[in-house]
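Number of protein chains: 2
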Amino acid sequence: MTHGTVAALKPERIAINQATTRKQWDFREAVEGYARHGVHWIGAWRDGIDKYGIAEVKRLLADNGMSVTSLNRAGPLVGLDRANRQSALDDARRALDQAAEISAGCLPVLPGSLPPGSKDLSGVRTQYQDMLAELLVPARKAGVPLALEPLHPMVAADRSCMNTMTDANDLCDALGPGIGILLDVYQVWWDTRLEAEIMRTGKDRGRLLGFHVSDWLVPTRDMVFDRGMMGDGVIDLRLIRGWVEAAGYDGPVEIEIFSSLDWWTRNPEDVVKISLERCRTVV
Amino acid sequence: MTHGTVAALKPERIAINQATTRKQWDFREAVEGYARHGVHWIGAWRDGIDKYGIAEVKRLLADNGMSVTSLNRAGPLVGLDRANRQSALDDARRALDQAAEISAGCLPVLPGSLPPGSKDLSGVRTQYQDMLAELLVPARKAGVPLALEPLHPMVAADRSCMNTMTDANDLCDALGPGIGILLDVYQVWWDTRLEAEIMRTGKDRGRLLGFHVSDWLVPTRDMVFDRGMMGDGVIDLRLIRGWVEAAGYDGPVEIEIFSSLDWWTRNPEDVVKISLERCRTVV
Numbered sequence: 000m001t002h003g004t005v006a007a008l009k010p011e012r013i014a015i016n017q018a019t020t021r022k023q024w025d026f027r028e029a030v031e032g033y034a035r036h037g038v039h040w041i042g043a044w045r046d047g048i049d050k051y052g053i054a055e056v057k058r059l060l061a062d063n064g065m066s067v068t069s070l071n072r073a074g075p076l077v078g079l080d081r082a083n084r085q086s087a088l089d090d091a092r093r094a095l096d097q098a099a100e101i102s103a104g105c106l107p108v109l110p111g112s113l114p115p116g117s118k119d120l121s122g123v124r125t126q127y128q129d130m131l132a133e134l135l136v137p138a139r140k141a142g143v144p145l146a147l148e149p150l151h152p153m154v155a156a157d158r159s160c161m162n163t164m165t166d167a168n169d170l171c172d173a174l175g176p177g178i179g180i181l182l183d184v185y186q187v188w189w190d191t192r193l194e195a196e197i198m199r200t201g202k203d204r205g206r207l208l209g210f211h212v213s214d215w216l217v218p219t220r221d222m223v224f225d226r227g228m229m230g231d232g233v234i235d236l237r238l239i240r241g242w243v244e245a246a247g248y249d250g251p252v253e254i255e256i257f258s259s260l261d262w263w264t265r266n267p268e269d270v271v272k273i274s275l276e277r278c279r280t281v282v
Numbered sequence: 000m001t002h003g004t005v006a007a008l009k010p011e012r013i014a015i016n017q018a019t020t021r022k023q024w025d026f027r028e029a030v031e032g033y034a035r036h037g038v039h040w041i042g043a044w045r046d047g048i049d050k051y052g053i054a055e056v057k058r059l060l061a062d063n064g065m066s067v068t069s070l071n072r073a074g075p076l077v078g079l080d081r082a083n084r085q086s087a088l089d090d091a092r093r094a095l096d097q098a099a100e101i102s103a104g105c106l107p108v109l110p111g112s113l114p115p116g117s118k119d120l121s122g123v124r125t126q127y128q129d130m131l132a133e134l135l136v137p138a139r140k141a142g143v144p145l146a147l148e149p150l151h152p153m154v155a156a157d158r159s160c161m162n163t164m165t166d167a168n169d170l171c172d173a174l175g176p177g178i179g180i181l182l183d184v185y186q187v188w189w190d191t192r193l194e195a196e197i198m199r200t201g202k203d204r205g206r207l208l209g210f211h212v213s214d215w216l217v218p219t220r221d222m223v224f225d226r227g228m229m230g231d232g233v234i235d236l237r238l239i240r241g242w243v244e245a246a247g248y249d250g251p252v253e254i255e256i257f258s259s260l261d262w263w264t265r266n267p268e269d270v271v272k273i274s275l276e277r278c279r280t281v282v
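If you read the sequences in order, they're chains C and R. Start counting the first sequence at 0; every next residue gets the next number (numbering that gives the first Met the number 0). Start counting the second sequence at 0; every next residue gets the next number (numbering that gives the first Met the number 0).
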């Protein structure tokens with residue numbers, strides 16, 4: 000089996016996205032909590048900056064030896080009327096500044112999808128590409144890469160008009176430097192083309208900007224908030240990590256579990272402990 | 000817009016899949032009900048044969064001037080232990096004989112997916128291909144084409160390890176004559192590659208064996224049984240019908256709505272009436 004050839008995940012590569020303890024811990028508690036368990040990478044959400052201010056956020060990060068993988072997020076950019084489109088771009092620029100201030104590794108850009116009443120999926124995809132091109136100008140200036148995260152086709156109508164690694168790679172090819180891909184296994188694990196498209200990111204070392212892990216549960220009871228703990232579902236996480244590393248990625252491996260039905264209801268200390276254990280045993 | 004170039008759907012091309020009135024009508028009621036509304040194609044389920052016997056089924060079809068688009072179904076073929084795999088193949092052979100008896104246009108083969116405890120998606124995909132190759136021998140002899148229907152990636156873990164038109168086309172290329180594709184818009188509408196993969200079916204006139212319509216609702220409340228009536232969701236049905244016809248398909252356009260939350264609770268006469276009206280206005 001391929002598993003045998005993938006080296007154990009080094010603890011210093013582990014990151015936790017704040018979403019994983021979103022209902023239990025705010026930004027400060029998450030930073031301190033993850034650090035307590037020896038984790039020194041955080042996927043941060045902007046609500047921490049809203050609550051504490053950028054100076055205090057920087058102090059908390061520094062005091063806890065914590066680096067930021069990504070600042071979640073800019074977008075949605077499409078599915079909006081003209082006025083909201085402009086304010087989405089303005090907000091994305093603010094997010095770029097914030098990401099630069101806290102030295103986040105990248106800024107994920109949630110696409111959005113069809114506006115109410117529209118069936119023009121191809122149109123919103125074109126519009127998304129155009130808006131990314133516009134956002135790339137300040138992103139390059141700020142030195143913060145934009146991250147495209149393909150989301151599962153089951154959310155194609157409402158959350159993301161970009162749904163596969165193929166689409167994300169095509170967009171990167173079209174848009175040039177300053178943009179890359181955030182690969183979340185939950186979104187793309189099913190894709191026959193996954194290995195080939197991961198290898199495609201390897202042609203340009205900087206293209207893979209992040210690697211998120213969780214698991215696909217059977218049955219899945221909610222289309223957004225029922226992700227599983229690594230090892231509790233059907234995704235061969237070690238196989239996919241092997242592909243990602245074969246493509247040249249050696250950055251953080253980030254735990255990101257949206258789970259209103261289970262993990263968000265648990266003691267966050269246990270969530271972190273079990274997550275780290277699973278990183279050793281199945282990721 | 001492309002809509003302008005697609006001719007109105009001729010009523011004689013409309014088919015209804017029994018699934019659409021599955022909770023209200025049995026096979027006999029469906030055949031008589033659809034015929035009453037001027038529909039002369041039915042997507043039949045095998046429970047009609049179980050209940051009435053093949054001779055009576057043939058009589059009901061003939062008496063109502065009804066032809067069968069497909070007999071649903073063979074499979075699942077994978078995700079089974081060895082004993083169940085053999086009985087799935089035996090059952091699929093029986094389905095082939097039944098499909099031949101009632102002159103069904105094709106026999107859809109539900110793949111199935113991961114067996115309990117497995118994460119080997121690539122392995123079950125290979126196994127599915129091997130079992131299709133085995134089933135193709137009697138299928139060619141019976142003169143009944145096997146139909147591959149890619150199912151949405153959200154059911155990749157449990158219902159179907161084949162999830163895109165690309166995968167279905169690749170399988171057809173690999174397996175040779177006697178096998179084709181059933182395109183259900185609900186499963187594939189989101190795919191950036193859809194138009195190209197539909198055109199790919201056109202290289203071999205016989206490859207597209209069926210075209211199913213329903214709609215994708217926002218929000219979707221159930222991952223299997225919440226399909227929408229054509230026009231109530233976000234799928235540009237006329238655009239996709241245009242692609243299908245440009246690829247050379249001129250067979251039945253089949254209404255297939257799985258809807259435990261809505262349409263299965265309604266008066267079936269109304270379901271048929273509204274379906275036919277929507278075929279005129281949005282398909």
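Please note: incorrect hints may appear among the correct ones.
Which bits of chain R does chain C cover? Going by a derived footprint, with three or more residues having C-beta under 8 Å, they are [to be verified]:
1) 34-46
2) 115-124
3) 162-168
4) 185-195
5) 216-228
6) 233-244
Honestly, the hints are just simulated from the structure, not real lab data. All residues carry an ideal CB built from backbone N, CA and C; glycine is no exception.
Status of the hints after comparison with the structure:
1. 34-46: Coverage by chain C is violated here, the residue count being 0 at a Cβ distance below 8 Å.
2. 115-124: holds (count 5)
3. 162-168: holds (count 4)
4. 185-195: It holds, with 5 qualifying residues against the three required.
5. 216-228: Coverage by chain C holds for the region 216-228 of chain R (4 residues, Cβ < 8 Å).
6. 233-244: holds (count 4)
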